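One letter stands for each residue in the lines below.
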Amino acid sequence: MLDWQPVLLSLRVAAAALVVVFIVGTLAARFLSRRDFPGKEVVEGLLLLPLVLPPVVTGFFLLVLFGRQGPLGGPLHRVLDVQLLFTAWAAVLAAAVVSFPLMYQSAKAAFLAVDAGLEDAARTLGAGEVRVFFTVALPLAWPGLLAGVVLTFARSLGEFGATIMVAGNIPGKTTTVPLAIYALADAGELRRAGAYALLIRAISLALVVALNVWTRRRAARRLRRRR
Amino acid sequence: MLRVRARKQLLDFELALDFELGDEILVLFGPSGAGKTTTLRLIAGLDRPDDGEIVLAGRTLFSRAGRVNLPPRERRCGLVFQHLALFPHLSVLQNVRYGVRERTPEAEARLAQLLAAFGISHLAPRLPGELSGGERQRVALARALMTDPRVLLLDEPFSAVDYETREALYTELLAAHRLWRIPFLLVTHDRGEAERLGDRTLYLREGRQEGGTFR
Chain A
0 MLDWQPVLLS
10 LRVAAAALVV
20 VFIVGTLAAR
30 FLSRRDFPGK
40 EVVEGLLLLP
50 LVLPPVVTGF
60 FLLVLFGRQG
70 PLGGPLHRVL
80 DVQLLFTAWA
90 AVLAAAVVSF
100 PLMYQSAKAA
110 FLAVDAGLED
120 AARTLGAGEV
130 RVFFTVALPL
140 AWPGLLAGVV
150 LTFARSLGEF
160 GATIMVAGNI
170 PGKTTTVPLA
180 IYALADAGEL
190 RRAGAYALLI
200 RAISLALVVA
210 LNVWTRRRAA
220 RRLRRRR
Chain B
0 MLRVRARKQL
10 LDFELALDFE
20 LGDEILVLFG
30 PSGAGKTTTL
40 RLIAGLDRPD
50 DGEIVLAGRT
60 LFSRAGRVNL
70 PPRERRCGLV
80 FQHLALFPHL
90 SVLQNVRYGV
100 RERTPEAEAR
110 LAQLLAAFGI
120 SHLAPRLPGE
130 LSGGERQRVA
140 LARALMTDPR
150 VLLLDEPFSA
160 VDYETREALY
170 TELLAAHRLW
180 RIPFLLVTHD
190 RGEAERLGDR
200 TLYLREGRQE
210 GGTFR
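Taken in sequence, the protein lines are chains A and B. 0 is the number of the first residue of the first sequence in numbering that gives the first Met the number 0; add one for each residue after it. 0 is the number of the first residue of the second sequence in numbering that gives the first Met the number 0; add one for each residue after it.
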């Protein structure tokens with residue numbers, strides 16, 4: 000019988016990472032797509048770095064950053080008495096950092112595709128920047144943002160390299176599905192490992208197919224409404 | 000009353016403006032690339048002049064010397080964009096209502112008046128993508144006037160419609176001007192349109208004004 004614990008944990012970790020990445024990624028993309036400042040290329044480069052680095056390397060950096068003696072983990076431990084590493088939250092952190100570039104790239108492309116003239120029109124009609132964002136930019140960029148959401152969630156669900164560095168593989172606590180697959184395969188339990196692998200694949204496939212269907216239907220609906 | 004005295008360095012030349020207009024229709028006429036659209040953007044606050052002063056109905060919108068530069072949302076300038084810039088995801092009603100946040104009886108009366116004046120009441124639930132060119136122009140005009148602006152800036156709004164629709168729109172625009180009694184500044188490169196609509200014409204060539212108004 001399949002142990003559902005890793006599946007539930009994976010879904011929870013991916014959902015938590017998604018919430019963080021969606022908010023931070025969307026705001027960062029919005030801010031950086033409309034503004035120029037010295038060093039912008041470096042900032043963007045750093046945000047996109049997890050996309051090209053091996054996840055294990057990203058995980059290693061996070062391990063150093065958030066360790067008890069680390070520049071972030073130190074104060075976190077001393078001031079708030081929080082130990083992040085080797086908890087489920089570390090898995091969330093790993094998934095969020097590794098999937099962030101996917102959300103950021105999708106959101107940036109989506110915002111750049113919104114006609115700047117529409118935002119100017121809103122401004123001349125008395126809208127402040129917050130209202131422009133919520134009533135014009137966000138609704139028009141929504142399809143692109145949704146694509147980012149699906150990619151982020153699917154990537155978080157499958158995250159392995161950075162997760163094993165910062166969260167370890169503690170059964171019932173940090174063992175997500177990819178970690179379980181690795182451990183089971185390593186122990187020669189290929190049937191159970193295969194069952195998990197199939198499950199992850201089914202979930203990811205369902206998400207991507209749902210996105211594609213939604214996008215096609217939406218395009219068809221828009222075409223019908225236009226004369 | 001709108002008074003514009005502004006300079007702005009563009010790519011190939013410097014735009015130098017010095018004109019004022021009362022409750023009349025001033026046509027800004029000239030070839031493409033003469034700085035006509037930029038003029039409207041400077042007044043609306045979407046671009047910033049290098050120097051000068053812009054005063055509308057007694058309020059200073061921009062003054063380099065006085066360090067004033069109001070953001071577009073505080074300028075009370077209605078702007079009809081060349082490509083209209085209707086919000087594609089909002090209905091005609093939501094578009095027209097966008098500039099007014101509170102549903103006061105006064106605003107609702109103005110809404111009804113505008114929808115009727117431009118003959119677009121029956122289009123209220125439609126999306127801009129479902130409208131004809133002339134209908135879209137009317138929605139853009141109604142949306143700009145709905146904010147009760149102190150000046151209406153029009154950037155070649157009639158360039159994309161056929162002759163008959165254009166004639167009808169001219170009549171409606173002149174009627175709206177009689178009703179609103181505010182300065183209209185209309186940009187066009189169509190001489191017939193300039194003669195038909197303008198109380199005065201200001202000719203713009205490579206950023207320089209020629210004739211039509213005081214210097």
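Accuracy of the hints is not assured; some may be wrong.
If you only want the chain A side, here are some residues facing chain B, beta carbon under 8 Å, derived [claimed, not checked]: (1) Thr123; (2) Pro142; (3) Gly143.
Covered by chain B, according to a simulated footprint, are these stretches of chain A (three or more residues, beta-carbon under 8 Å) [as the list claims (entries may be wrong)]: (4) 35-41; (5) 134-141.
Facing chain A, a subset of chain B residues (Cβ under 8 Å, in silico) [what the hints assert, rightly or not]: (6) Leu45; (7) Phe80; (8) Gly98.
FYI, nobody ran anything at the bench for these hints, they're computed from the structure. For clarity, every value in this text was computed on a predicted model and none was experimentally measured. All C-beta atoms, glycine included, are put in the ideal place defined by N, C-alpha and C.
With a C-beta cutoff of 8 Å, work out whether three or more residues of the stretch 35-41 of chain A approach chain B closely enough for the coverage to hold. With 0 residues close enough to chain B, the hint is violated.
Does the CB of Gly98(B) sit less than 8 Å away from some CB of chain A? holds (4 Å)
Against chain B, with CB atoms and a cut of 8 Å, does the hint on Pro142(A) hold up? violated (11 Å)
Proposed interface contact between Thr123(A) and chain B, which counts if any beta carbon pair is under 8 Å: It holds, given that the least Cβ distance between Thr123(A) and chain B is near 4 Å, below 8 Å.
Gly143(A) was flagged as interface toward chain B. Is the shortest Cβ-Cβ separation under 8 Å? violated (14 Å)
Hinted contact Phe80(B) with chain A - closest CB pair below 8 Å: holds (6 Å)
Closer than 8 Å between Cβ atoms is the bar; does Leu45(B) clear it against chain A? Give me holds or violated. holds (5 Å)
Residues of the stretch 134-141 of chain A with Cβ under 8 Å from chain B, three needed, outcome: Answer holds; 4 residues pass the 8 Å Cβ test.
In the structure shown, a violation is registered for the earlier hints numbered 2, 3 and 4, in ascending order.
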